[in-house]
Amino acid sequence: MRTMRRLLATPEGAVGLALLACLALVALFAPVLSPGDPLRIAGRALTTPFSDPAFPLGTDRLGRDVLAGLIHGARTSLAVGLAAAAAALAMGLCVGLAAGFAGGLLDEALMRMVDAFQIVPGFLLALAFVSVVGPSVPVVVLAIALGAWADPARLTRAQVLSVRERDYVAAARVAGMHPVEIAVREILPNVLPPVLALSAIIVAAAILTEAALSFLGLGDPNVVTWGSMIAEGRNVLRSSPWLSIFPGIALVLTVVGVYLLGEGLTRALSGRRAAA
Amino acid sequence: MLTAIPTRRTFLQAGAALLASTALPTLARAQAASAGGRLIVAADSEPKNLNPAIVASNGVFFVASKVIEPLAEASFEGKDGLSPRLATAWEGSEDGLSVTFKLRAGVTWHDGKPFTSADVAFSALSVWKPLQNLGRIVFANLETVETPDAATAVFRFSKPTPLQLIRNALPVVSSVIPKHLYEGTDIAANPANVQLVGTGPFRFAEYKPGEYYRLTRNDAYWGKPQPNLDEIVFRVLPDRAGAGAALEAEEIQLAAFSAVPLTDLDRISRVPGIKVITKGYEALTYQLVVEINHRRKELADLKVRQAIAHAIDRKFVVDTIFLGYAAASTGPVPKNAPEFYDADVPTYDFDVAKANALLDEAGYAKDADGKRFSLKLRPAPYFNETRQFGDYLRQALAAVGIDAEIVNADSAAHQKAVYTDHDFDLAVAPPVFRGDPAISTTILVQSGIPAGVGFSNQGGYANAELDAVIAKAAETIDTARRTELYRQFQKLVAADLPLINVAEWGFITVARDSVLNVASNPRWAVSNWADTALQG
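Residue numbers (the UniProt record's numbering), protein chains in the order written: chain A, 1 to 276; chain D, 1 to 536.
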């Protein structure tokens with residue numbers, strides 16, 4: 001709760017949180033705000049925005065409602081972004097914890113694996129993975145996580161290395177706690193904050209990667225995403241630029257929101273550490 | 001009508017355009033300077049094998065047809081829709097077992113050797129029949145080619161082969177390559193498959209991968225004083241969005257095969273100095289088809305197939321997806337093949353209520369969510385329009401309670417999934433009608449085709465009556481009777497719906513006004529361009 005209050009005290013945190021809260025609400029209530037399939041052909045093709053009250057943001061090449069697409073796209077973008085970041089963090093934490101705590105040969109092996117993943121550009125990895133396995137939401141989540149888990153793994157390991165020599169860990173060891181219990185109950189809570197601060201960047205990157213994959217036609221074609229909307233709009237960019245502009249704005253707002261929240265979180269957490 | 005408003009280019013505009021075209025400044029200047037001139041054309045693919053005798057596809061013909069010529073080319077006004085090229089006359093025997101070609105005299109290859117009937121015999125027996133994708137079908141029963149003299153080639157068949165089929169196939173299957181360069185070599189790996197040597201109006205000068213193909217004037221062309229142009233450069237512009245901008249900047253002067261997206265045509269047609277041409281693709285009709293996997297028990301039911309046909313709004317497809325640059329289909333033969341086309345077939349109007357009634361009748365009632373059953377839909381990735389139609393079809397099917405899940409894949413994966421693994425329920429395909437139903441159309445519905453043959457019936461459909469008609473037409477010599485059999489074929493396909501024909505379309509050429517004689521024949525983009533000229 002203290003962290004939350006500190007977070008809201010920073011301007012970045014407040015703005016970021018507000019942006020994301022709006023977005024989360026839109027995503028959560030998408031079926032209420034715009035009932036039915038957002039890919040449904042709802043009206044005349046290429047209605048210009050603000051000209052027809054039924055389609056405030058106009059319609060696309062096939063007559064699909066752009067606003068409905070944006071609302072439901074928020075769902076996909078946020079869901080994929082959060083799921084991919086969660087998967088990446090979980091993988092990173094496990095690997096980092098194991099490597100840092102166990103040390104020795106396991107550490108070497110795991111860290112060389114992390115090196116291998118860090119060398120390959122994350123987007124390329126996702127691209128290759130999706131084109132081999134085939135596009136669907138779970139595959140896209142996994143593909144993005146695959147390119148993003150290496151950073152939290154490295155960070156976790158570094159934190160673990162510094163924490164594991166502390167007195168309270170030694171005390172736990174002397175008290176006869178099982179190593180796994182020490183790792184999970186004593187070390188993990190203390191390495192978590194900086195890794196969580198990193199999570200904002202991972203979410204933002206995951207949302208962008210998802211959009212880029214969809215833009216290249218490697219997203220799930222059965223759900224609407226902002227990336228696929230931009231890709232569709234690109235074909236008519238000269239005559240109907242709004243089809244790319246609106247989802248583009250949505251994407252920018254989301255990523256800026258996540259980034260600001262991350263900044264705020266970092267400041268709030270470092271404030272706590274300074275105060276402690 | 002979409003026609004550009006011709007306005008006189010002012011000196012300033014021309015100057016600005018020259019300054020703007022930084023990529024190929026010297027090329028742009030050459031256009032203004034000479035009467036022959038250099039034509040710069042957008043190309044969007046770089047085929048690995050450029051030999052049209054082996055790969056009879058539009059991507060190859062686009063470049064290669066200027067260098068290597070067929071025996072005859074399609075024509076708007078010629079007899080039987082043909083104009084002579086390397087052959088000057090052709091005649092079939094009464095029994096359908098032979099066709100005699102009289103060849104043009106005084107033709108030389110680009111390397112100076114004379115063109116003779118031996119080249120035709122070699123091309124037919126060693127390349128068209130065993131190696132070419134379409135020649136395999138057309139020349140399946142070709143036994144020998146006799147060459148009584150240098151200007152005569154007699155094709156002898158083991159079974160009666162209709163002259164009508166050979167005639168209709170000539171522009172596509174009969175590219176003649178030089179025997180003296182290919183004989184005794186590995187034909188598929190011959191360097192001349194890229195460094196082409198032919199008899200055509202242009203010589204193959206150079207190919208820079210990723211950049212351009214350059215063809216230069218053949219001064220010894222048999223059709224002198226043609227060609228009119230000095231040079232043709234095919235600039236590789238893989239990004240379709242880039243072709244329109246390149247035309248406006250005068251970096252290129254012509255973009256064929258709808259390289260400029262349909263959505264951009266309305267705008268670009270109003271740009272001064274640019275014209276939009278819809279003619280010149282009459283013999284290259286693409287068909288938008290829903291392929292059906294009849295192994296699915298629901299789809300094996302004719303009522304379900306009829307319901308799907310009724311659920312598709314062809315007017316929406318033509319007006320919104322193709323922006324009017326297409327026509328609704330009635331059956332497997334397109335309207336602009338008047339020799340065969342039959343309008344008197346069962347048709348399926350857009351009628352959602354009827355589609356729902358048919359599905360109810362078939363015993364697939366809607367469940368609580370309004371869904372009857374689910375299908376896997378694979379739209380072919382080759383064109384924007386096939387993908388968009390996939391999106392539309394999913395919605396059209398949802399309206400009648402069929403839940404279609406779209407599966408996207410790249411070209412190779414799509415072809416493997418549909419034509420080899422049969423991992424689809426519905427697929428969207430763009431087959432080509434090539435002037436005669438026997439060339440590449442009957443194979444779409446005929447049974448007994450092994451798995452792995454692309455663009456064929458891989459939906460497990462088998463109809464003995466239809467197979468019998470196709471087999472009979474393949475050996476019917478009499479043109480009138482053969483045509484009648486293909487009318488029957490259209491009726492059977494439209495009635496039993498082995499696949500659903502939705503629309504048919506040709507491509508669009510966009511060119512600068514300075515390019516003359518565009519679309520002078522029904523296969524213009526893939527013809528030899530000997531008459532094409534540039535205004536000085």
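Keep in mind that a hint or two might mislead.
Just so you have them, the derived chain D footprint on chain A, three or more residues with Cβ under 8 Å [as the list claims (entries may be wrong)]:
| id | stretch |
| --- | --- |
| 1 | 70-80 |
| 2 | 101-115 |
Not the full set, but computed from the structure, chain D residues with beta-carbon under 10 Å of chain A [as the list claims (entries may be wrong)]:
| id | residue |
| --- | --- |
| 3 | Ser75 |
| 4 | Glu77 |
| 5 | Pro84 |
| 6 | Asp266 |
| 7 | Ser269 |
| 8 | Pro272 |
| 9 | Tyr382 |
| 10 | Ala399 |
| 11 | Ala495 |
| 12 | Gln535 |
Chain A residues, not near chain D, derived (Cβ > 10 Å throughout) [unchecked claim]:
| id | residue |
| --- | --- |
| 13 | Pro49 |
| 14 | Val236 |
| 15 | Leu237 |
If you are wondering where the hints come from, they were derived from the structure by calculation, not from laboratory data.
Just so you know, even glycine gets a beta-carbon here, dropped at the ideal spot from N, CA and C.
Here's how the hints hold up against the structure:
For the stretch 70-80 of chain A, the assignment as covered by chain D is violated, since 0 residues bring a beta-carbon within under 8 Å of that chain's beta-carbons and 3 are needed. With 0 residues bearing a CB less than 8 Å from a CB of chain D, the stretch 101-115 of chain A misses the requirement of three and the coverage assertion fails. A hinted interface residue such as serine 75 (chain D) counts as satisfied when its beta carbon comes closer than 10 Å to some beta carbon of chain A; here the least separation is about 35 Å, so the hint is violated. Proximity of glutamate 77 (chain D) to chain A is violated relative to the hint, the smallest CB-CB distance being about 37 Å (cut-off 10 Å).
Given the 10 Å rule on beta carbons, the hint for proline 84 (chain D) is violated: about 42 Å separates it from the nearest Cβ of chain A. Evaluation of the aspartate 266 (chain D) hint against chain A yields a held restraint, the C-beta minimum of about 7 Å falling below 10 Å. The beta carbon of serine 269 (chain D) comes no nearer than 12 Å to any beta carbon in chain A, farther than 10 Å, and the hint placing it at the interface is violated. Because the beta carbon of proline 272 (chain D) sits about 17 Å from the nearest beta carbon in chain A, more than 10 Å, this interface hint is broken.
At a threshold of 10 Å, the smallest CB-CB gap from tyrosine 382 (chain D) to chain A is about 13 Å, leaving the interface hint violated. Taking 10 Å as the C-beta contact cut-off toward chain A, the hint placing alanine 399 (chain D) at the interface holds, the least distance being around 9 Å. Violation of the interface hint for alanine 495 (chain D) is found here, the shortest Cβ-Cβ separation to chain A being roughly 29 Å, above the 10 Å cut-off. Because the beta carbon of glutamine 535 (chain D) sits about 27 Å from the nearest beta carbon in chain A, more than 10 Å, this interface hint is broken.
Here proline 49 (chain A) stays apart from chain D, with its beta-carbon at least about 17 Å from theirs, past the 10 Å limit. At the 10 Å boundary, the C-beta of valine 236 (chain A) falls inside the reach of chain D, the nearest C-beta of that chain being 4 Å off. For leucine 237 (chain A), the non-interface assignment is contradicted: its Cβ lies about 7 Å from the closest Cβ of chain D, within the 10 Å cut-off.
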